[in-house]
Amino acid sequence: SDGTPDEWREMLDVNVVSLCLCTKEAVRSMRERGVDDGQVIHISSMYAHVQQSRATAHFYLATKWAVRALTEGLRQELRDLKSNIRIGSISPGIVETEFSYRMNKDNPELAKKLYSSLHALQPQDVAASVVHVLSAPKHVQIHDILVRPTEQEG
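Heads up, the sequence shown is in UniProt numbering, so the first residue is 1 and it goes up one at a time.
Simulated from the structure, these hints should not be mistaken for laboratory data.
No experiment lies behind these values; they were computed from the predicted model shown.
List time: in silico DSS-like cross-link candidates among lysine-lysine, alpha-carbon distance up to 30 Å:
| no. | residue 1 | residue 2 |
| --- | --- | --- |
| 1 | Lys24 | Lys138 |
| 2 | Lys82 | Lys24 |
| 3 | Lys138 | Lys82 |
With the hints as extra help, turn the sequences into a complete structure.
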């Protein structure tokens, strides 16, 4: 896999550790305040559900598979505690943000080519998925939403 150990640690810190810390504090706060019908939404990735062949993406994919596993583990933990706090994730495909430029910092033309090759999702498309999850009735657990551009492969 491409990348340096420092880049891998940063990716783990951002995609996994910070997600765990924020989730832990959110659930703790809800439970302390007697909120038993709260909602936690993780932002994952379509790549937590499909394998990618690009060597530069393997470590990123591993962090998103970790998010998927942690989301399900916490869902089961909350269920075992008889809590009605719901946890789910949204797994977007290609969204037109600065992300692709950061992932391809050595070759910004690759990111530009990606965004010009299809009609990518926009941030508001992901936001609409968040609103959908939040508007679900309290007895409905939306575990994961996979959303991608119609033209996206894989």
